[in-house]
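K.L.:
Given next are the chains, with one letter for each unit.
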Amino acid sequence: MTLALLLLALGTFLLRLLPWRGEGSLRAGQAGPALVVALFLVSAFSPPPSPEWLRTGLALLGTYLGARLTGNLGLAVFLGVGLYGLLGLL
Amino acid sequence: MREGLEAAWPIALGYFPVAVAFGALGAQAGLGYLWIQLTSLLVFAGASQFALLGLLAQGVPPLLAATLGLLLNLRHAFYGPALRPYLKGGPLEAFFLTDEVFALALKALPGLLPEERRGYFLGLGLGAYLSWNLGTALGALGAKGLLAWPVLGEALSFALPALFLLLALPHLRNPLALLAGGAALALHLLGQTAWGLFLAGVIGLFGGRRP
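Protein chains in written order, with my numbering: chain C, 8 to 97; chain Z, 8 to 218.
If you are wondering where the hints come from, they were derived from the structure by calculation, not from laboratory data. Be a bit skeptical, because a hint or two may be false.
Stated by the list, open to error - Pulled a few chain C residues facing chain Z out of the computed Cβ check, cut under 7 Å:
#, residue
1, A38
2, V44
3, W60
Don't be surprised by glycine CBs; every beta carbon is placed ideally from N, CA and C.
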C-alpha cells in the first residue's frame, strides 16, 4: 500500500514537472484558457442536472456581481460562499 | 512570497472542508493517521487521493489503484507548458501545481514582474498546501465534527467553483475555450470527469495551433 502511495506521488510530481521543463517539446497553444473554463464548469455543475444547479447559478451570479462591485477576487469568493450557504437554508 | 500567500486564501477556504472529508474518510476506512497524512503531504492532488483511498478500500490491488489515480492526474501535464511563458518550472513549483494553483497563477503571473513571479507562485502553492494538510490532519484525527453543520461545509466547498468562475471570466469569449469547456462538461455529466478535463487540455493544445 505504501508503494502505491509512493508511485502515485512520484508519478503526479513527474506529470507536473517534466512537461513544464521540456523546453519547446510541448507548446501549450490555448490549453490554459481551455482548462480554466473546463475546471470552472466541472466544479460548478455536479451530475445529474438538478434544482441544485439553480442555487449554484444564483450564487455564481452573486460572486460575479461581488467581483464587479468590489474588484477583489477573495472578497467576491467570500460573498459567493455566503450567498450559497444562505440559499441552502431556504 | 507574501503576496502569493495572501492571494491563496480563496483556495485555502475551498480546500479545507474537502481535506477534512478526506482525512475523515481515511480514518473511517481504518487507515492509520500517518498513512493518511503522508498521502496529502506527498501527493497533494485531491481527486486522485480520494480515488486511491476508495479503490484500496474496495480491495483493488495497490499498484492498479495508483495507476488509476495517475490517470486522473494526466491533465496536470498541460499546466506547466501553459505557465512556461511566465515562469520556469522547478521541482518545488511543480510539486505545488494543483488545478486551483494553476488557474490562479495563470491569471496573476502575467501582471507581475519576472523577478516577483517565483515567490508569488510559491506563496500561492504553500498557502494551498498548508490548508490541504491541516484539513487532512483534523479530519484524520477525528475532527469531522467541524463539518457537523452541513451548511458550513457545503458553503465552504462552493469557494472553488466561485474562484474558478472569476478566473474563467476573461476566457468566456474564447470559442476554443468554450468548446473545450463544453466537451469537458459533457463527459463530466457522463461520469468521466478526468477524461473530460484531459480532452479539454488536448483541444486547447492542438486547437490553438496555427498551421
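K.L.:
Next, verify each hint and record whether it holds.
P.N.:
Here is what the structure says about each hint:
Hint on A38(C) holds. Least Cβ distance to chain Z is approximately 4 Å, under the 7 Å limit. With a least beta-carbon distance of about 4 Å to chain Z, the hint placing V44(C) at the interface is held under the 7 Å criterion. Hint on W60(C) is violated. Least Cβ distance to chain Z is approximately 11 Å, over the 7 Å limit.
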